[in-house]
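Protein chains: 2
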Amino acid sequence: MVGSIANSLVELGEDNTTPMVPLVDNVGTTCLAITEPEVGKEAVEAKDASIEDVLVKYVEHLKERTQHHLGYPYNLDFDYGSVIAKLSGFSINNLGDPFIESNYGVHSRQFEVAVLDWFAHLWEINKQDYWGYVTSCGTEGNLHGILVGREVFPDGILYASKETHYSVFKAARMYRMECVKVETLVSGEISWEDLQAKLLLNRNKPAIVNANIGTTVKGAVDDLDKVIQILERNGFKDRFYIHCDSALFGLMMPFFNQAPKITFKKPIGSVSVSGHKFIGCPMPCGVVITRSIYEKKLSDFNQVEYLASVDSTIMGSRNGLAPVLLWHGLSRKGYKGLRKAAQKCLRNAIYLKERLRESGISALLNPLSSTVVFERPIDPTFIQQWQLACEGNIAHVVVMPNITITKIDEFIEELLEMREAWFRGGKIAKPCVAENIGRENCLCELHKI
Amino acid sequence: MVGSIANSLVELGEDNTTPMVPLVDNVGTTCLAITEPEVGKEAVEAKDASIEDVLVKYVEHLKERTQHHLGYPYNLDFDYGSVIAKLSGFSINNLGDPFIESNYGVHSRQFEVAVLDWFAHLWEINKQDYWGYVTSCGTEGNLHGILVGREVFPDGILYASKETHYSVFKAARMYRMECVKVETLVSGEISWEDLQAKLLLNRNKPAIVNANIGTTVKGAVDDLDKVIQILERNGFKDRFYIHCDSALFGLMMPFFNQAPKITFKKPIGSVSVSGHKFIGCPMPCGVVITRSIYEKKLSDFNQVEYLASVDSTIMGSRNGLAPVLLWHGLSRKGYKGLRKAAQKCLRNAIYLKERLRESGISALLNPLSSTVVFERPIDPTFIQQWQLACEGNIAHVVVMPNITITKIDEFIEELLEMREAWFRGGKIAKPCVAENIGRENCLCELHKI
Numbered sequence: 001m002v003g004s005i006a007n008s009l010v011e012l013g014e015d016n017t018t019p020m021v022p023l024v025d026n027v028g029t030t031c032l033a034i035t036e037p038e039v040g041k042e043a044v045e046a047k048d049a050s051i052e053d054v055l056v057k058y059v060e061h062l063k064e065r066t067q068h069h070l071g072y073p074y075n076l077d078f079d080y081g082s083v084i085a086k087l088s089g090f091s092i093n094n095l096g097d098p099f100i101e102s103n104y105g106v107h108s109r110q111f112e113v114a115v116l117d118w119f120a121h122l123w124e125i126n127k128q129d130y131w132g133y134v135t136s137c138g139t140e141g142n143l144h145g146i147l148v149g150r151e152v153f154p155d156g157i158l159y160a161s162k163e164t165h166y167s168v169f170k171a172a173r174m175y176r177m178e179c180v181k182v183e184t185l186v187s188g189e190i191s192w193e194d195l196q197a198k199l200l201l202n203r204n205k206p207a208i209v210n211a212n213i214g215t216t217v218k219g220a221v222d223d224l225d226k227v228i229q230i231l232e233r234n235g236f237k238d239r240f241y242i243h244c245d246s247a248l249f250g251l252m253m254p255f256f257n258q259a260p261k262i263t264f265k266k267p268i269g270s271v272s273v274s275g276h277k278f279i280g281c282p283m284p285c286g287v288v289i290t291r292s293i294y295e296k297k298l299s300d301f302n303q304v305e306y307l308a309s310v311d312s313t314i315m316g317s318r319n320g321l322a323p324v325l326l327w328h329g330l331s332r333k334g335y336k337g338l339r340k341a342a343q344k345c346l347r348n349a350i351y352l353k354e355r356l357r358e359s360g361i362s363a364l365l366n367p368l369s370s371t372v373v374f375e376r377p378i379d380p381t382f383i384q385q386w387q388l389a390c391e392g393n394i395a396h397v398v399v400m401p402n403i404t405i406t407k408i409d410e411f412i413e414e415l416l417e418m419r420e421a422w423f424r425g426g427k428i429a430k431p432c433v434a435e436n437i438g439r440e441n442c443l444c445e446l447h448k449i
Numbered sequence: 001m002v003g004s005i006a007n008s009l010v011e012l013g014e015d016n017t018t019p020m021v022p023l024v025d026n027v028g029t030t031c032l033a034i035t036e037p038e039v040g041k042e043a044v045e046a047k048d049a050s051i052e053d054v055l056v057k058y059v060e061h062l063k064e065r066t067q068h069h070l071g072y073p074y075n076l077d078f079d080y081g082s083v084i085a086k087l088s089g090f091s092i093n094n095l096g097d098p099f100i101e102s103n104y105g106v107h108s109r110q111f112e113v114a115v116l117d118w119f120a121h122l123w124e125i126n127k128q129d130y131w132g133y134v135t136s137c138g139t140e141g142n143l144h145g146i147l148v149g150r151e152v153f154p155d156g157i158l159y160a161s162k163e164t165h166y167s168v169f170k171a172a173r174m175y176r177m178e179c180v181k182v183e184t185l186v187s188g189e190i191s192w193e194d195l196q197a198k199l200l201l202n203r204n205k206p207a208i209v210n211a212n213i214g215t216t217v218k219g220a221v222d223d224l225d226k227v228i229q230i231l232e233r234n235g236f237k238d239r240f241y242i243h244c245d246s247a248l249f250g251l252m253m254p255f256f257n258q259a260p261k262i263t264f265k266k267p268i269g270s271v272s273v274s275g276h277k278f279i280g281c282p283m284p285c286g287v288v289i290t291r292s293i294y295e296k297k298l299s300d301f302n303q304v305e306y307l308a309s310v311d312s313t314i315m316g317s318r319n320g321l322a323p324v325l326l327w328h329g330l331s332r333k334g335y336k337g338l339r340k341a342a343q344k345c346l347r348n349a350i351y352l353k354e355r356l357r358e359s360g361i362s363a364l365l366n367p368l369s370s371t372v373v374f375e376r377p378i379d380p381t382f383i384q385q386w387q388l389a390c391e392g393n394i395a396h397v398v399v400m401p402n403i404t405i406t407k408i409d410e411f412i413e414e415l416l417e418m419r420e421a422w423f424r425g426g427k428i429a430k431p432c433v434a435e436n437i438g439r440e441n442c443l444c445e446l447h448k449i
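Residue numbers (UniProt numbering), protein chains in the order written: chain A, 1 to 449; chain B, 1 to 449.
These aren't lab readings, by the way, just hints derived from the structure by calculation. One thing to keep in mind: the hints can contain errors.
The list makes no distinction among identical chains, and a pair is therefore deemed to hold if it is satisfied within one copy or across any two copies.
Stated by the list, open to error - Heads up, simulated DMTMM-like pairs for lysine to aspartate or glutamate below, C-alpha to C-alpha not over 20 Å straight-line:
id, residue 1, residue 2
1, Lys86, Asp53
2, Lys237, Asp225
3, Lys181, Asp379
4, Lys333, Asp409
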């Protein structure tokens, strides 16, 4: 894993007075050791200058890395500079419940609740019927949703497709829940046949189902109506809880024409979304919304007199800056702005897929998704250069609002140039990825038409 | 709970164009609803102006609240403005393991590992023997430490004193662990007698003990040597795991003369500390350190190919700004600066306790602690005004570096003035708090000497 990042970090430290200590277990990372400051005005000035120097170089490094990023679903194009400048001197902490004010006054609940109301409206649940909070990341939203499911059905079995985000399996392990992995279709969607078969093997226990509204790797969407139908017709009526992991798509799908709705009018229990993905945010954050009737199950056990509040959140202390930034972003963009951005992502994703395919590169783009899956590039340096996320034979690009046509062209050109070398101008056969993304999307010698 | 905070928030919105929606379930909080922006240059400018207006008023509110804050262990005096200004345009995310670089290049692992190394050195564990990460708050550190304990001893029983932070009991519930509450002494320290008695009732199962290095309410420190001694002499040798919740004191105690050491040379399993408390940070964060031999137990189950990393952390996405700020704070302050600040806190805490007692107010200050516990003020408005944390008959002030003698004097004067009114110049008897803080600290009619 020694690639361009590692090298640039080593460079970062080379002409820096802070000693660089390479780590034994840490291939590719070099730490900027903290040294004890010396006494005296000159020493303090020298120390401050050396810190400044590290930061300036770090910023250059971040700029370059931000420019060459395609693999993770993060919109890296945002500008909260003026808001953050105003608030960076305060320790804003939304301790405990968003709806119950604690004694700690340096909070941002008035912004947080506005953000929650906005999402509740988006996902169609009334103010008095929902509970939720701004989380520290998508994982926390999944951890919360699945915990609510477990509290509703303590002996419930968790069902999640094998292409589910790893945080869901982590939750099962943390919470000591029985967990059944369900097969997926080539698209990445949950296999209905397998879900039904596995439900029937466990008829005696309630079902807690994680539905993926956009899988991590292929951006596949599980059909909520179908999940509900399968549950109900197999004897699970009133004995199921559905958590929707909508990390990325929870904010995009509502803006696609003809996309199925993420709505609490369907019998779902909770929805979580990330705040740093489609909207963009300088720190990971997210939102989880659940039904207020369930929240009581958690809060009864979590009265905290010390805070004069209730703590039903996973984390106790919660970053109060994130809700203000989300409030700012949503207030300025509005539904219209987000719709425009979401549709642009879809268009650019189609452009990327077409450019890949016309260049003879196997690629898949699921409907309702801006995640373009394609043959994994051979050279790890290239993967690192563009920060592609990979799994097995495939890699993906998640087209976010900051991924422009110009950037896509730059990427494609570089990829094609590299491929010439990797496949020696066609002398080496291209890999078959039919198993990963389907025959119809594979352009290997065997499958291309 | 309608007090000064609620009122000031209502005022915040009064002359603001954004509609203020009072929440049904949310006494004392008024949310700043997000409205859809209108189209057109003028409408956009008006919207931006209204957003700016909300933020300017919010900043004024935060300033006032920051000035009148005594109850929570947060050092509100820090200045990372220039660092944050440099970094606020990037989405820095330390996905997964701090020691294994993922494909996502916009990270701050080189700073994070430096911070971890610094704490490992402080708590005396070698680089190759520890594992840890920068968490999103103290709770995450406790959740991680206790999870490690449970993975080491899957059938272990969690023992925690009843004055333990609520996150530990939340962990027990989340992790489906058997949990035994242990009595405390008046000081807040764990009762050795009761710990021994309860251990003996459960000899057949390993013990996972949460030791408080500073309880939340009284700042009491459990004696690690004694905990270990009790475990070993009651047949738990090699069958126990100790997690140290050092949220506040983990960074202060090492700088007090004659304080017992928090050290991995003792058979402890993990230590967690908050980053936004004694050091001060604009967002909650923390550090957890455990032994690398244990970390393997978690990581074996959490290989994440998609990230090209391992995820043994509770949260998957991790705020990359916090490690840079911690690195900056620790680099500039160093051991010397922290020692000076910690000792000043102790001196000021003694000053506060003495001023309270000479004014006839019952008060307790534990050794090694800067948490001054005293009679709960009668008027909730006063409690909110100074943001005191309360439990039953008692309130506390946690003396942090930003709590100066001037501020203490201001607080005492206001308190004395209010008390004149509350107790009608002595016509109403002062409450007895002997049960909460001990006879020797109680100045009620019955107990004062």
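Taking the hints in turn, this is what the structure says about them:
no.: 1; hint: Lys86 x Asp53; verdict: between (25 Å within a copy, 12 Å between copies)
no.: 2; hint: Lys237 x Asp225; verdict: within (14 Å within a copy, 55 Å between copies)
no.: 3; hint: Lys181 x Asp379; verdict: neither (32 Å within a copy, 56 Å between copies)
no.: 4; hint: Lys333 x Asp409; verdict: neither (27 Å within a copy, 48 Å between copies)
In summary, the structure is inconsistent with hints 3, 4 from the numbered list given earlier, while agreeing with the others.
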